[in-house]
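Now for the letters of each chain:
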Amino acid sequence: MKTGSTTLACQHVGKLWSGLNGTSVAALRDIEMTVESGEFVAILGPSGCGKSTLLELIAGLEPLSSGRITLDGKPVLGPAPGVVMVFQDHSLFPWLSVKDNVGFGLAMKKVPKPAREARVAQLLERVRLTKFANHRPHQLSGGMKQRVAIARALVESPDFIMMDEPFAALDFQTRVLMQHFLLEVWLEFKPTIIFVTHHIDEAVLLADRVVVMSAGPGRIIEEMRIDLPRPRRMTDPGFNDYRARLTETLEREVMRAHSEDEGLASNAA
Amino acid sequence: MGDGTGAQSIGASVAEAPARNAPGHVPSWAWGLLKALIPWAVIIAIWELAAASGWSGSVLFPPPSAFLSYAIESDFRVGFGGDAMPIPVAIVVSALRVLAGLAIGFAAALVTGILISASGAFSDMVMPLVRGLAPIAPIAWIPLGIVLFGIGNPTAIFVVFMGVYFILTISTVAAVKAVDQRLIKTARSFGASRAQVWTRVIFPAVLPQVFTMLRINFFAAWMAVLAAEMVGVKNGLGMMIILGREMFNTKLILLGMCMVGATGYAVDALLVQIQRKILWWQPAP
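Heads up: the protein sequence lines correspond to chains F and G, in order.
Using our numbering, the letters of the first sequence map in sequence onto residues 4 to 272.
Using our numbering, the letters of the second sequence map in sequence onto residues 5 to 289.
Keep in mind that the hints were calculated from the coordinates and are not lab data.
This one's a predicted model, so the numbers in the text were calculated from it and none came from an experiment.
Treat each hint with caution, since some may be false.
[Said to hold, decoys possible] As a list, the in silico DSS-like pairs of lysine-lysine whose alpha-carbon atoms are at most 27 Å apart: (1) G:K281 - G:K39; (2) F:K77 - F:K134; (3) F:K134 - G:K39; (4) F:K134 - F:K116; (5) F:K113 - F:K77; (6) G:K39 - F:K116.
Working from the sequences, and respecting the hints, build out all of it.
Have a look at this one:
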């Protein structure tokens with residue numbers, strides 16, 4: 004894969020959800036975004052700003068209402084090979100063992116069993132879960148489940164991994180371990196990662212670039228390149244700068260949305 | 005019934021804690037069993053006492069010691085001559101009828117429910133039919149079953165089938181609607197085709213909920229089988245009770261009721277075990 008060339012381009016992307024009695028709600032408006040091969044982009048924004056919707060549009064899981072999304076020049080019309088999604092609640096299939104979860108994508112493509120098992124064993128080794136190959140998801144801790152989800156995402160060496168708040172449900176300690184683990188995996192496999200989060204620290208720690216979105220309808224209000232050497236630490240001097248700037252942007256946005264809501268409420272009254 | 009299984013599962017989870025297995029402790033499953041047996045012991049003791057002291061008529065309302073020993077006296081057989089049937093056979097016949105009806109109803113309901121969920125046109129046509137037929141109690145199908153299939157196993161199985169099929173179809177449709185969208189989206193992002201989403205995600209995802217509905221409706225189906233055996237189908241536990249009535253033999257009536265309760269409990273326990281073994285990812289309620 005060539006690093007540094009544009010792989011994903013969103014042009015004037017909009018999404019309307021149809022609501023009750025024929026009304027429609029704008030979830031996203033006029034999204035312009037490009038991502039380069041091998042880049043780690045974090046999308047930061049308040050809840051309900053449509054960041055998860057944007058991921059699903061890019062992954063081809065939902066149709067666009069307007070605009071255009073291209074991956075390596077080809078428009079996205081449905082789930083594309085090489086693009087996988089990791090959700091917040093890990094979304095492991097509870098009826099499958101750990102190894103069958105990891106091998107799910109290969110099984111869907113009818114990869115022969117010996118090849119599948121070899122590849123799954125390799126990935127389980129990588130996420131240090133070999134001993135748990137035959138366990139069921141409900142027997143694992145939160146961090147282990149998320150590692151299985153990451154192994155499942157990596158099994159076909161995807162070019163693109165979409166992560167929708169993957170670590171939001173984990174406790175602090177597990178989250179820190181998983182963040183380091185994800186970076187290791189990213190440096191090793193070099194997929195392009197789009198990582199949705201509402202944690203400013205997480206975004207600055209992980210991403211090459213942070214895209215900030217506003218709420219209702221979701222728009223991109225700021226993009227910030229994080230020029231900090233890796234490995235980064237939250238205690239680095241430069242870290243605080245980025246944290247402060249992003250916090251300010253987000254706070255302004257939250258207050259604006261809040262006063263708009265109040266304005267609407269007083270108009271209605 | 006519900007209490008019994010509840011006590012079992014609590015017992016099982018406590019037994020896993022190693023501290024409770026220290027020497028000198030009564031094992032917790034034994035406590036569970038004891039707690040389950042106490043109410044039975046109290047009821048039987050009062051009953052026996054009442055009969056022994058002549059408060060209740062021991063002929064019209066015989067105590068367990070009388071009707072249970074009647075089983076031994078009659079050599080575990082009921083009925084006369086060629087119609088006589090060993091009690092164990094009556095139990096097995098009734099249990100197999102209900103299990104066969106449940107299995108066929110369960111499989112057919114899953115297929116119908118998934119077809120309804122997959123196709124809007126099929127749903128528009130079939131759902132009103134299903135919703136119109138679902139409220140008919142299993143017992144109400146007995147006369148029609150006898151007219152259609154005569155007297156015998158097909159009628160009993162038909163009654164159980166009709167008793168569970170429509171309600172499980174509705175339950176399957178509801179369960180399909182409730183499948184976590186993220187599981188479906190995950191599967192699609194891993195390249196699952198539309199057919200694979202149905203067979204590899206939606207089908208296994210709905211099984212536990214539909215099976216739970218099967219368990220809930222088992223009792224109604226069980227009652228329907230007994231009712232069918234009472235009014236027409238000439239063997240099984242239901243016939244045992246009706247034979248007791250015809251012969252004014254209260255021992256036989258009570259013995260039959262006792263067997264009905266015990267067999268129903270055993271079949272339900274079997275369903276719980278199936279649920280635990282095969283559908284482990286959602287605990288049996």
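Hint check results:
A threshold of 27 Å between alpha carbons decides the hint, and for K281 of chain G with K39 of chain G the separation of about 26 Å falls inside it, so the pair holds. With a C-alpha separation of about 41 Å, the suggested pairing of K77 of chain F with K134 of chain F is violated against the 27 Å cut-off. Simply put, K134 of chain F and K39 of chain G have alpha-carbon atoms about 40 Å apart, too far for the 27 Å limit, and the pair is violated. Of the pairs offered as hints, the one joining K134 of chain F and K116 of chain F holds, with about 20 Å between alpha carbons and a cut-off of 27 Å not exceeded.
In summary, the hint linking K113 of chain F to K77 of chain F is supported, as the alpha carbons are separated by about 25 Å, within the 27 Å threshold. At roughly 50 Å between alpha-carbon atoms, K39 of chain G and K116 of chain F are farther apart than 27 Å, so this suggested pair is violated.
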